[in-house]
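**Student:** So you can see what is in the structure, the chains are spelled out below.
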Amino acid sequence: MAMTDPILSESAAKVRLRRQGEVLRSLMTNPTTALGMIIIILLLGMAIFAPYLMPPNIPDPYQMPRDWGATRMPPGTPGHPLGTTNQGGDVLYGVVWGSRSSLQMSLIVVSVTVVIGVVIGSIAGIVGGWIDEALMRVVDIFLSIPELIFALAVAAILGPSFTNIILSLCIVFWVKYARIMRAQIILIRQSDYVQAARVMGDSRFNIFRRDILPNASTPIAVQATLDMGNIVLVGATLSFIGLSESGIAEWGVLVSEGQAGIASGRWWASTFPGLMIFLWALAFNLVGDGLRDALDPRTEGKR
Amino acid sequence: MQLRDYIVRRLMILPVLIFGVSIVVFALTRIGGSPIGVYLSHEMNADEVAALEERFHLNEPLVVQYWYWLKGALSGDFGYSGVASAPVSEVFWPKFAATMELSVFSAIVAVWLGLWLGVFAGTRRNRWQDHLTRVVAVSGASLPLFWFGIVLLIVFWANLGWFPVGRSTADLWASIPHPTGFYTLDAILAGNVQAFLDALWHLFLPSITLGFGAVAIITRMMRSALVEELQQDYVDAARAKGLPERLVLKRHARRNALVPTITVIGLTIAFLMQGAIAAEIIYRWPGLGRWMADAVVRGDQATIMTYVLFTSVLFLFANLIVDIIYAKLDPRVRLGD
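Note that the protein sequences, when read in sequence, are chains A and B. Sequential numbering from 1 applies to the first sequence in my numbering. Sequential numbering from 1 applies to the second sequence in my numbering.
Among the clues, some could well be false.
To be verified - Covered by chain B, per the in silico footprint, the following chain A stretches (three or more residues, Cβ under 8 Å):
1) 136-143
2) 149-158
3) 237-245
4) 285-291
What the hints assert, rightly or not - Partial list, computed: chain B residues near chain A (C-beta under 7 Å):
5) R134
6) F146
7) I154
8) V296
Hints in this document: simulated from the structure, not taken from any laboratory. Just so you know, these numbers come straight off a predicted model, no measurement behind them. Think of the CB as a built atom: it goes at the ideal place given N, C-alpha and C, for glycine as much as any other residue.
Let the hints inform the model, and build the full structure from the sequences given.
**Tutor:** Below you can see the structure in the form of structure tokens.
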């Protein structure tokens, strides 16, 4: 029954709309955020159009093609603009198709962890009691182990493969979302408008859907944006250490493959793929940072 | 709540968390397969394998296995490291010393540069210097350390030949005794200037690699704390009485901004521990990080467990100490839930 008053709901919608406009304006005018946006668009374009940029390797496009007649070629070699690795892998191919691997990894991990986190956080926040207590202790334990080290241990136990890296990141990265979700529920449940909705007889589910979820989505969106970059960074570190299959078109694997050549002056095979990891993480961090500032009304005017 | 009660309560939760971490890690390693994988060879027959399993209690239920592990760990026995070909407890200290030495020097780089950049940006808010610092700080946080280390090696080792790889020059390392395991300290204790310089020379690139990554955390915290402080009334008061801006910053704002910045020490330690893995691989640094990297690739469970447990304990204690210092320095901090 609550919020059926047309005047009330309209003004709430208006406020939300105006706020969204402010957020968007503040995002666009911040030069560092704009820079991050541009890099993200370029990287996503590269991932989406990879088959048109570099013809896919048959049968598995995520396997590096090997040109054994042209190993260790420097950048600028005809047919290999960014050079080749010790094993004749085309660096440009790895850079382009690596963006697809990274996009897959970050999208899968972020969506899975957001869902797990939101569900667990909601259960803890709404049900409360000993279930909340138990879930939060699990969260505390997970947060006691530094992220990369935890992911490293899990991936090591699952065995070396790119899929297992994704799986291990899913196991490690949901915790923050559960925390955010639970905190938001507790915060919002005590707020006046939810009290009002409850007094007016609104169902629990409606309150959750209309008041709690939209409010919690803000900090979750910020965290998800930051994680899009962070996950590629951690995932690439795991594959660099050797927890992926060797020979796949993934940036961390390529940096590792190129490492052997640096003593003999072959700088390109590590440098370019690593630069891509850096740009990917940088772009999402810049946008995530900008998003956080724009969405947090307290920082308005301070920045 | 009184500070003392708070400390006591936190100290009581700590063992529970450590216990929880040990269960999580133990469960994980056992899911991954038999811990005696390192000892098995193709020549062994089924009886020999069974004998080994019995010797390490692997035929017992998981809870019992955990009990045996815990009993061992509490008495200092963390198992046998297949990678190091020695008991974990025997090889731990020298590797720990190597990692700590690297971390301390990286922390010096990070704190010095981070505080400086934070003040630089905080006093020039929303000007181009502030935006530039922000990009530098975010870059530090976005940098794949393993790649940054390789790039530095390409420039300063492969091309210019200014800096070495590894931890020491073998002859110099062998020329002095190593009571502490810290190369710099040992060199000072032995009074050997040449060895000391050798230590610094080897520390230079890895410390910059690892330190630069941590700069971001400190810079951002210092900047926002300083921005906050500069809007406080006491700063206006100091300005109103005619104190030069330089002294307002030095005597008042900067000092107070350091208090909230202390809270990121825990994060920085976690970052250094994680980053040390990459830095140690790249620079062939004989520390805990490289040991762990070898262990994960070869499935050395005793090492993985010890390492994860150790870093978690370190991380938990660092956070506890930081919280206590923070509560002591800033009486406004509420010690509730």
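**Student:** Please go over all the hints and tell whether each is borne out by the structure.
**Tutor:** Hints versus structure:
1. Given a C-beta distance limit of less than 8 Å, the hint that chain B covers the region 136-143 of chain A holds, as 5 residues qualify and 3 suffice.
2. Judged by the Cβ-Cβ criterion of 8 Å, the region 149-158 of chain A is covered by chain B as claimed, because 9 of its residues qualify and three suffice.
3. Given a C-beta distance limit of less than 8 Å, the hint that chain B covers the region 237-245 of chain A holds, as 5 residues qualify and 3 suffice.
4. Against chain B, the region 285-291 of chain A contributes 3 residues with a C-beta closer than 8 Å to a partner C-beta. That satisfies the three-residue criterion, and the hint holds.
5. Satisfaction of the interface hint for R134 (chain B) is found here, the shortest Cβ-Cβ separation to chain A being roughly 6 Å, below the 7 Å cut-off.
6. Against a cut-off of 7 Å between C-beta atoms, the interface hint on F146 (chain B) holds, since the closest Cβ of chain A lies about 5 Å away.
7. Proximity of I154 (chain B) to chain A holds as hinted, the smallest CB-CB distance being about 5 Å (cut-off 7 Å).
8. Interface hint status for V296 (chain B): upheld, as the beta-carbon distance to the closest one in chain A is roughly 3 Å, under 7 Å.
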